[in-house]
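K.L.:
Place chain X on chain L using the hints.
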Amino acid sequence: MADAMQFDLVSPERRLASLEATSVRVPGMAGDMTVMAGHAPTITTLRPGVLVVEGTSGTQEYVVTGGFAEIGAGLTVLAEKALPREDVTQAEFDAMVADARAAHASAKETFVNEPGPVDDAAKLLADMVAVGDHIGLSPSN
Amino acid sequence: MPSLKDLKIRIDSIKSTRKITKAMQMVAAAKLRRAQDAAEQARPYTERFNAVMGALAASVGDSDSAPLLLRGTGKSDVHLLVVLTAERGLCGGFNSNIVKKARVDIARLKAEGKTVKILTVGKKGREQLKRDNADLFVGHVDLSDVKKLGYANAQDIARDILGRFDAGEFDVATIYYAQFQSVISQIPTAQQIIPAAFDAPEEGAEASTLYDYEPDEEAILADLLPRGVATQIFAALLENGASEQGARMSAMDNATRNAGDMIDRLTIEYNRSRQAVITNELIEIISGAEAL
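Which chain is which? The protein sequence lines are L and X, in order.
Okay, so the first sequence: first residue is 15 according to this note's numbering, each after it adds one.
Okay, so the second sequence: first residue is 353 according to this note's numbering, each after it adds one.
Isolated chain L (complex conformation):
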C-alpha cells in the first residue's frame, strides 16, 4: 500500500477535511493531477472541478470552485468554496453557474478589446458546467 500523507481541505469559513490520504486528484488550472506522498513541492491554482480524495477510510469527493493547492510535506487545498459532492444540490449548482455567467458577462462588457479576461471567464463558466456533468447535474436555466 502506498504511503499516506496529510491532507487538509480548508475554505475561508471552515476546515472541511483533515485526514490521512493515499492519493488526491486535484483539478489544477493546467490540468488534473494526482498527488501522492512524496510529490515534489508545488503550488498550483485550481479551476472549478471535483477533488477526489482516496483516504485510508474510503474515497471522498468534494466540489471546489477555485482556489489553490499547496503541496509540501502534505497537501493543503485552500478552496474559495468547497462542498462535499453529496451536498451539492441543484439550487446550489445553479447559483454557482449563475455566478460564473455573471462574471463572464461583466468581463465581456469591461474588456471589450482584450480577449484575455473574457476567455478566462468563459473557461471558468465551461469548467463549472463540466463539473455539473461530472456530478450528474445540469444548469436548469
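Hint data in this document are derived by calculation from the structure and do not stem from the laboratory.
Positions of the beta carbon are idealized from the N, C-alpha and C atoms, including for glycine.
Hints are supplied without guarantee of correctness; some may be wrong.
Claimed, not checked - Only some residues are given here: those of chain X computed to face chain L with a beta carbon under 7 angstroms: (1) Gln-393; (2) Arg-400; (3) Phe-401; (4) Asp-575; (5) Phe-586.
Claimed, not checked - Pairwise CB distance ranges (calculated): (6) L/Ala-112 to X/Pro-567: 26 to 34 angstroms; (7) L/Thr-70 to X/Asp-564: 23 to 31 angstroms; (8) X/Arg-460 to L/Glu-34: 34 to 42 angstroms; (9) X/Arg-460 to L/Ser-71: 51 to 59 angstroms; (10) L/Pro-131 to X/Arg-609: 55 to 63 angstroms; (11) X/Glu-570 to L/Ser-32: 29 to 37 angstroms; (12) L/Glu-75 to X/Ala-463: 56 to 64 angstroms; (13) X/Ile-372 to L/Thr-70: 36 to 44 angstroms.
P.N.:
Coordinates of chain X only, in the frame set by chain L:
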C-alpha cells in the same frame, strides 16, 4: 424632595432597564461564542494563505513585473481608509475607538498633504465619521441585512475596493478594525491591504522549500492577490464581529451592575422618606393628644 410615589416609579423603571441590559448581556455572550467560533474556523485558511503568499511574494520580489497589488503604484498620494465598524451601538467604546484611530490617521495624512478617501462598512462608523469628514466619503457598505457573515460579504467589499484600485482612485488602502483580545479588551488596529504587506517567511525551514509553480509564479500571484484582499477583509470582519459582541457584553454587564447600585440607593432613599412620613404622622398624633 421627590415624593414616595415618584421614587417608586423610578425604582420600577430602573428595574425594567436592568432586565433589558441583563438580557442583552446574555444574548451578546451567546453571540460572542459563535463569533469566536467563526473566527477560529477561519484561522487555518488565513494562516496557510499568508504563508504561501509570503513565500510567493519573497520569490517574485520587487521586480518591475510584479503585480501592482503587491508592488503598489509607486506613490502614496491618495489613501483609502476602509473603516469597519458595527451596525449597532450599545457596545461601549467599540465603534468610537475604531473611529478615533481612523480620525487620528486622517488628521496625520492630511497634515502630510495626502488625499484621504473613506469607505465605511457598518452604519455606526459612517455616522460618526460623517460629522467632520463628510466630504471625504467615497462609499459605504451596508451589512445591516446580513444575518450571518459569510466569505461572500468580504468578497463583495474586496471587489468594490479592487475596482477602485484598478480605476486608479487610490494608491494605498488600509483597513481599520478592532482586534479581539478578550471580553474586556479589543484593540483598534490599522492594517495595510494594498499594496499587500505579507510577513516575510521565517528564515530557515520555511524558506528552504522550493516550490514548483503551476502555471507560473506571476500568474499565480496575479490570481491570488485579489483573493488575499478578500481574505484579509474577511478575517478583519470576523475579528470585528467577536470584538463587537465582547464589547457589548462587558458594556451591558456594567450597565446591569450600575442599575443594581442605583436601585439600592433609591430603595434606601425610599425607605428613609417612608419612615420620615410615619414619624411625622406620629408626632402629629402625639402632639394632638397632648394638646387636649
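K.L.:
Let's test the interface hint: is any C-beta of chain L closer than 7 angstroms to that of X/Arg-400?
P.N.:
Given a least distance of 5 angstroms, the restraint on X/Arg-400 holds.
K.L.:
Starting from the hint 51 to 59 angstroms, judge whether the C-beta atoms of X/Arg-460 and L/Ser-71 obey it.
P.N.:
This hint holds: roughly 57 angstroms between Cβ atoms.
K.L.:
Hint validation: X/Phe-586 versus chain L, beta carbon distance must be below 7 angstroms. Holds or violated?
P.N.:
holds (5 angstroms)
K.L.:
Can you let me know if the beta-carbon spacing of X/Ile-372 and L/Thr-70 is within 36 to 44 angstroms?
P.N.:
violated (54 angstroms)
K.L.:
Return the status of the interface hint for X/Phe-401: holds when the least beta-carbon distance to chain L is below 7 angstroms, violated otherwise.
P.N.:
Because about 6 angstroms separates X/Phe-401 from the closest Cβ in chain L, which is inside the 7 angstroms limit, the hint holds.
K.L.:
Just tell me: holds or violated, for the beta carbon distance of L/Ala-112 and X/Pro-567 against 26 to 34 angstroms?
P.N.:
holds (27 angstroms)
K.L.:
Kindly confirm whether 29 to 37 angstroms is satisfied by the beta carbon distance between X/Glu-570 and L/Ser-32.
P.N.:
holds (31 angstroms)
K.L.:
A closest beta-carbon separation below 7 angstroms is what the hint needs, so does X/Gln-393 meet it against chain L?
P.N.:
holds (4 angstroms)
K.L.:
Would you check whether X/Asp-575 satisfies its interface hint, that is, whether its CB is within less than 7 angstroms of any CB in chain L?
P.N.:
holds (5 angstroms)
K.L.:
Per the hint of 56 to 64 angstroms, is the separation of the Cβ atoms of L/Glu-75 and X/Ala-463 within bounds?
P.N.:
Given about 58 angstroms between the Cβ atoms, the range holds.
K.L.:
Per the hint of 23 to 31 angstroms, is the separation of the Cβ atoms of L/Thr-70 and X/Asp-564 within bounds?
P.N.:
holds (27 angstroms)
K.L.:
CB of L/Pro-131 to CB of X/Arg-609, is that within 55 to 63 angstroms?
P.N.:
holds (58 angstroms)
In the structure shown, a violation is registered for the earlier hints numbered 8 and 13, in ascending order.
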